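Residue numbers (our numbering), protein chains in the order written: chain A, 1 to 490; chain B, 491 to 1032.
Hints should not be assumed to be uniformly reliable.
[What the hints assert, rightly or not] Across the chosen pairs, the derived CB separations fall in these ranges: (1) Gly366(A) x Pro800(B): 38 to 46 Å; (2) Ser958(B) x Asn68(A): 37 to 45 Å; (3) Asn68(A) x Ile895(B): 54 to 62 Å; (4) Pro102(A) x Lys579(B): 40 to 48 Å; (5) Asp125(A) x Asp665(B): 41 to 49 Å; (6) Phe21(A) x Ala941(B): 33 to 41 Å; (7) Pro800(B) x Lys224(A): 45 to 53 Å; (8) Glu15(A) x Ser637(B): 34 to 42 Å; (9) Pro800(B) x Pro102(A): 43 to 51 Å; (10) Thr797(B) x Asp125(A): 23 to 31 Å; (11) Phe21(A) x Ile895(B): 48 to 56 Å; (12) Ala912(B) x Glu114(A): 54 to 62 Å.
No lab work stands behind these hints: they were computed from the structure.
The structure presented is a predicted model; accordingly, all values stated were derived computationally and were not measured.
From the three backbone atoms N, C-alpha and C, an ideal C-beta is built for every residue, glycine too.
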Amino acid sequence: MKEITVKVYRYNPGEDAEPYFETYTVNVNEGARVLHVLHAIHDEVDPTLAYRYSCGSGQCGSCAVRVNGEPVLACMEEARNNITIEPLNLSVKKDLVVDLVPTLETIASLKPSEASRLPTKSDIDAIKPLRSCIECLSCVSVCPAMDVTKFLGPTAMRQEMRLALDPRNIDDRITAAVQEGLFTCTSCQACWKVCPKEIQIPGKAIEKLRSLANKKGLTLPRHKEVAALVKETGRSVARTEPTFLELVNAEVIEPTGPVKATVGFFVGCMYNLRLPRTALDAIEVLRRNGIRVIIPKEQVCCGSPLIRTGQLEYLETLKQRNIDAFRFRNIDTVMTMCAGCGSTLKHDYRTPFEVLDINEILTKFGIEPPARLPIKATYHDPCHLLRGQGIRDQPRELIRQVVDLVEMPSICCGSGGGVKSGLPEEAAALGKRRGEEIKKTGADIVVSSCPFCEFHISGHTDKPVRNISTLLLEGYKEKDRKKKKNPVVH
Amino acid sequence: MLADEVVDCHVLVIGSGGAGVRAAIEASQYGDTVLISKTIVGKGGCTTMAEGGYNAVLREQDSCEIHFDDTLRGGAYLNDPELVTILVKEAPLRMKDLITWGAVFDFTDNDEVAQRPFGGQKFPRTCYAGDRTGHEMMTTLVERLDSSDVNLLQEFTVIDLLRNGESIIGAMALDEKGNLVLLKADSTILATGGGTRVYDISTNSSSGTGDGFAIGYRSGAELIDMEMIQFHPTGAVFPYDARGRLVTEAVRGEGGILLNSTGERFMKNYDPERMELSTRDVVARAIATEILNGRGTLHEGVYLDVTHLPREQIESRLPVMLEQFLKFGVDIREIPMEVAPTAHHIMGGLRITPECRTTLPGLFACGEVAGGVHGANRLGGNALAETQVFGKRAGEHAGKSENRIKNVDKEQINKQQADLEAFLVGSESPARIRTQLQHAMWKGAGIFRNADDLSKTLEIINCLPLSSIRAESPRNLNECCIVRNMCLTASLICRSALIRKESRGAHVRVDVPQTYESRQSPFGHTYISQTREGIERKRGMP
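Between the sequences and the hints, there should be enough to build the whole structure, so can you do that?
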């Protein structure tokens, strides 16, 4: 037996003025799960603690709670000392018990008909990955779109895709899904990262439904415009000023010191056409840190805007052009600095080269220490970097070398998944929430590592928004300035 | 506390597992149907946890006769043959219902429902959806239920049936806040599932507390074969709090082997012909014997090994097992599992007719709460089939039953209210009583039994301070009622086990010398009710 102390959310609506936390210390067995801690509290300390469970083995989805903010199944998550246990982000009935039923009722059912045919093995194999959902609603608890707009949510979309794949179903689930908010998903990936069954709802359901919606002509008008632009120019945004690829003349940029590594640079539409200064800052930082950069000029859009919005027609051409651009130069490492491009190249491509984000490159080979700047920064995790590529620590490691870092919750800013272009009001509502979080941190600046996030967030905060590379470069400039002012005397 | 909430309907279904939901879907075709459930529908009960499969005769090489023989042989010839005939004949039809309604079972390359071998079968007839078969069925059934007119009362605890003389006219329940609710019905279906939570080590969900057996008994229904408890051979042994968690028979069906601590494949000493795929009673006793004789692992289990199987097979056919063990730090593709027997299923239950009528007018029963289908030992894969076959029958016959005069007996309500009020001023922790019960049952009414231990266990149960259980608040009243039900169900198990002075299937009386094989047993069902108890003798037997 071991002693364990936990903080538990308590709230009895109608009796308590507001929720509060209670701290409990109980004895549990080695290997006990969060559920067993709740049992111990209920059985030994306070029988009025309300929590829900049934199977105790991860199969029924009754017991999802948040542990230190992250949804988990209480029956499967090992209990740790000093954790905080809260209900899911749904209407609380009492303590840890939330009202699951209203959401469960929105999930569509199969309407079979006598005329429909039975599935084949290949139908079954296609449906199965979407079928193991235990409806614990962890995904609903973390979905940002559901907070600000009318969206039935991730698992409802999973079910729509499952029905769309099933020949026994006769309803038009695609039109239904569009009405239920199919296009409101920002592709933030939060849903499947908390899914105990790891069902890849964004990729396996939402993008697939959007592609079926495309075939029915239901793609949002603004998304169609983007697709047309990609087809016409190879780029997802229009040229309004000299681009990064035009501004850098050379194809190969040598570092100032000895070469530590050579990478091909996949620039991406946003840094090429909207934020070329930021990409130039990155080049400076790379040069200073021994990275030789090769920049094939014939590279085009990665295709992410098409994949996220379900417009796959032109995708293979883009992929081939990009892969060829780097393969012809025998490049074995391609660096991305746009989180969305990086995630796309890593997951939607089969590349003959390794793809690494700039944060990975800089931390892998190490950087010259910059000067510290006397400001406090907060960091916004880009969805496609944190959840799309699992990159959490590297950006923080870099930022902390320049400034003090204050954390804020990692939530989508609203710019992804085609939402900023297709449903700007929703994107603005999510951006506003980010602005509020930023304000709460008291930080002087916001740092991020994604052009979409940087561009979008700057519209919703009065604090300057910096790319990590720009911040590092400022640190180097400050260092150089100091050196000039106080030259080292030998 | 006033029972002012009254629901009136044609059919009331109590329980939301596979049997209850199937019954409600069927009953709703005949009139107003209410499904009342202790949990959220689809999440409670044991169907959703059932992993391995559903037995149905689907191939030409197989036949209902073989399925019938397998079931009777597995059940040590204690099964009610009429109920078994129905089970084997209708299991394929109910399977077809599920497929029509959208179930996603695994298919073969020929686009047929795939089947795998399970214990005690002469033909591989267990249909499956990976190792989440029950979950697949529940998902399908709940979708179908959503398209019906059934009214759902979720997270309501039924505490007793309403009686009008001999007849059952509905039930009394507590809502989640502890308010008493009356539900009047022309027909009432008990589909409350099993009750092996009365044991310390059990595979059951939180709702496997035997409420239906206790509620039925209190209302005067007769139960049969309550001593017949299936100990599943393979339950997890660690970590401590996950002990008893089911490790599906599908692991052995897919080719898993059992080894003792010396590395010996010991099933050859117990059933050399069927080895690991012998019936559950035989395998459970074999494992228990190995452990008792000092050939167990550090965690007091034996090894269940699939490391010789292709990784892909483990990943696609046993994904839930893989995921669960990984969570506890064991990669079953690399390391053998450790397992030991765990209380799994109650074969006994309310005596039913082929129409699922109990001995009380107006009361039907289906699923695990009913007795007779599985005899002295259930075959893996027959329980999921039973839920559908008898769920449908119960729903249909309850639905077709006539309207009934429903005069609620005020006395009965008053007594119930007095009981509930007593809980609010009680002093004994229900959790403590439950733990004492579970340990006593595991020790004295487990796999190997004798009259002394059974009597002692019964005595312990009778001495538990049931009259002074405490409900901390009205919301805790249901816990008190459930603990009371657990104790009653446990006492029915012990009393029935004392009545059956023979070893038969899962029931082993080590204190009774025996020379005959099960098939030659002179005994039939044990029976127990408020008015009589005993054991049937087979016709023509001494």
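Structure-based check of all given hints:
Separation of Gly366(A) from Pro800(B) is about 43 Å and conforms to the stated range, judged on CB atoms against 38 to 46 Å. Checked against the given bound of 37 to 45 Å, the beta carbons of Ser958(B) and Asn68(A), roughly 40 Å apart, stay inside it. In this structure the hint that Asn68(A) and Ile895(B) lie 54 to 62 Å apart at CB holds, the actual value being about 58 Å. In this structure the hint that Pro102(A) and Lys579(B) lie 40 to 48 Å apart at CB holds, the actual value being about 41 Å.
Between Asp125(A) and Asp665(B) the beta carbon distance is about 44 Å. The supplied range of 41 to 49 Å therefore holds. As the Cβ distance of Phe21(A) to Ala941(B) is approximately 53 Å, the hint placing it in 33 to 41 Å is violated. In this structure the supplied range 45 to 53 Å holds for Pro800(B) paired with Lys224(A), their Cβ-Cβ distance being about 47 Å. Look at Glu15(A) against Ser637(B): about 38 Å separates their beta carbons, and that is inside 34 to 42 Å.
Take Pro800(B) and Pro102(A): their Cβ atoms lie about 44 Å apart, and the range 43 to 51 Å holds. Under the hint 23 to 31 Å, the C-beta atoms of Thr797(B) and Asp125(A), about 26 Å apart, fit the expected range. As the Cβ distance of Phe21(A) to Ile895(B) is approximately 54 Å, the hint placing it in 48 to 56 Å holds. At about 56 Å, the beta-carbon gap between Ala912(B) and Glu114(A) stays in the expected band of 54 to 62 Å.
Of the numbered hints given earlier, the model fails hint 6 alone.
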